[in-house]
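Which chain is which? The protein sequence lines are A and B, in order. Okay, so the first sequence: first residue is 1 according to this note's numbering, each after it adds one. Okay, so the second sequence: first residue is 1001 according to this note's numbering, each after it adds one.
Think of the hints as simulated: they come from the structure by calculation, not from any bench. These numbers come from a predicted model, not from an experiment. Just to be clear, a hint being listed does not mean it is correct.
In silico contact screen, one side only, chain A against chain B (beta carbon under 7 Å); selected entries [unchecked claim]: (1) Thr145; (2) Thr146; (3) Gly289; (4) Leu293; (5) Arg297; (6) Thr340; (7) Pro343.
Idealized CB from N, CA, C, for every residue including glycine.
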Amino acid sequence: MGIISAIGDTVEENLRSLMELKPGISRIENLDTVHKDVIRVGEIKKTNKELAKYLNLAENNNFTRTAMLGVIAARQAVENAGITDIDEWKTGLVSATSVGGMDTTEQYFTEYLQNEEIRRYILSHDPGDSTHKIADALGIRGFITTISTACSSAANAIMLGARLIQSGELDRVVVGGTDALARFTINGFKTLMILSDEENTPFDRDRKGLNLGEAAAYLVLESEEAIRAGNKKVLAWLSGFGNANDAYHQTASSENGEGATLAMQKALKMAGLSPEEISYINVHGTATGNNDLSEGRALINIFGHRGPVFSSTKPFTGHTLAAAGAIEAVYSILSLQHGTVWPNLNFRNPMPEFNLVPATSLQKKEIRHVLSNSFGFGGNCSTLLFTAADDLY
Amino acid sequence: MSAQKTFDGSFPEEVIRPEGYVFPVVAPPYKEYISPGMIRRMGSGVKNGVVASALALREAGSPELDAIITGTGVGCIKDSEAFLMAIIENQEQFLTPTAFIQSTHNTVGAQIALGLGCKAYNFSYVNGAISFESALTDARLQLLSGEANNILVGGVDEKADFTYSLFALAGLIRSGEQSAGASYSEGASFFVLSTEKKEQSYAGLKDVAVLNRLEAGAIAPELERFLARTGTALTDIDAVVIGKNDDAAFQEYYPGLLSEFSPEMPVIHYKHLSGEYNTASAFGFWLAARILKNQQVPEAVLLSGKQGPVLRNILLYNQYRGTDHSFILLEAC
């Protein structure tokens, strides 16, 4: 696994921030927006210059912030997986992003007409651009692709990766997502009136909306054959996944959470698990009025009113859009590895519609199976199921 | 939907010779497929995607779908451009959400699902020239594993004036006879893939593969590796569909590929009629499927060679500016 987020530049730093209950929500510093004194964000406190220097990029590079974050996290994932020869096994890359290189496009969009010097960035707007740059940085040649299904994107990248391994198309695949903060998304969510001016409070009665965040996270999925041959340490098993469409509204979730219910059902069925066997749920929990109500009803549909312990980690990182599914996959696996439930920070009062109360403090317990939800515009509902490493094998 | 009259079956008997370097889709009668209120709100890619998917589903007998998988290179670029322009022009003030809502890359797949009330698996791939082939790969794996029986797969891209002017500045779109770039267009092609062969089936999908990087000199071994996956010999191929466009650069891959076959091999091209766009290869896929069903290579698309007595296997190869290569193998059914 590799990760860079508002709560750390590495897996270890993210783990420490989770353990020490240190959120990464702050005022925006690296992006110029008229909303900077109003909104709170999960920002990575590194300028583009600092990121480029860290990556040793040439002066005339055309890396967007999205691409730089992606390369940093994907490199970590490959290093942490102990991969020294990328060609030893048939390796691919499935990456997710919501708006691709928008962080750069929005700076230069009209200036491109006059300024020839910056035109090298025109082609880095394409969502596939960051994926190609990550593949080149890792030396991956072969199957690479990009998924964009709004805020469920990275969860879907993990699903396709699993499918590619299961079918034997690939032996190994780097999966995840990257998204940088952009005025485009800040203003988009602002017009939808779902940005909070305070720290986000998922599943709380008085929740005011989400905080946007930026992050990248990647995981290395390997076939059993590659794991055995390399005598690799398994961090966790991806034991099931489900994808469904709410088919209710372009941006809003249905009141009864039908799409989310279907996605969780499919994942449980694939893993052959009953709802009682789930130890912890890392919910999507964006802290918007609509999401938490819809997701809460879906949780009740599957788990009843007294389901397993659950929490949203978005008060730590903000909502990192297309990267969120991968960020939360990393946190789900850390939860399995350390027998710890991450708290749902900022929660005070349950919602009037039901009596669902998330974990509000760090809880130590045996964790066998973690269910992670990611939902997005366009009715996209995705569920991933992770199982402890010592299981099944 | 394409720059040709494909939606009503007039193509290839009737061929439009596109003028200029950016040509539009031949608009179908949208109101026959979409309600007037929706027509106003939908971007052109969404509208074309909705109509193309409706035509495909009707032809396939409207099976219950187990998945909707869409590929798009530029996505809903017009709405994206409109929202960004509004942000810039109004200094982030007085914005309305409509364009933002419609701008996400999965809007086409989402609107199709919404229209059909389809709650099945729904994915959108956005990786340049292999966006459609990624969707096809996902669909193929689900059909092979038995997870799905009927999948709607498509490729859709729309043009947007400002973004296309930037593409011209960047050398993607041709701006004059001597300039760099290719002639560009837009389009939407949708297909129903099934585990079961039906009376109305066009062709069988045997295999699909994508590659981010490939040296021109390495194309022959890569082709052989691809064909070997399905135990197909070079001599089993009866026609080759290539994604050659009118850009003077990046054409070195095609001679290497075609040198593997006899000079008599029918070589089919289409981008002179469809224009280039990230999912133009889905037009090529549509064309190849029709050729297999009709057992007839239309003159307007025959680049070289001669059609033999029977067309069993058609190979498709596409690349865009030296990256995002794809191979597809279709067989007659």
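Agreement of hint A:Thr340 with chain B interface, Cβ distance less than 7 Å: A:Thr340 check fails; min Cβ-Cβ to chain B is 32 Å, beyond 7 Å.
Evaluation of the interface hint that places A:Leu293 against chain B, nearest CB under 7 Å: violated, 19 Å
Restraint check, 7 Å cut-off on beta carbons, for A:Gly289 near chain B: Violated, because the Cβ-Cβ distance from A:Gly289 to chain B comes to roughly 16 Å (cut-off 7 Å).
A:Arg297 as an interface hint toward chain B, with CB separation required under 7 Å: Where the cut-off is 7 Å and the nearest Cβ of chain B is about 16 Å from A:Arg297, the hint is violated.
Evaluation of the interface hint that places A:Thr146 against chain B, nearest CB under 7 Å: Where the cut-off is 7 Å and the nearest Cβ of chain B is about 4 Å from A:Thr146, the hint holds.
Restraint satisfaction for A:Pro343 [CB to CB of chain B, less than 7 Å]: violated, 31 Å
Interface hint status, A:Thr145 versus chain B (Cβ within 7 Å): holds, 4 Å
In this structure, the hints that do not hold are numbers 3, 4, 5, 6, 7, in rising order.
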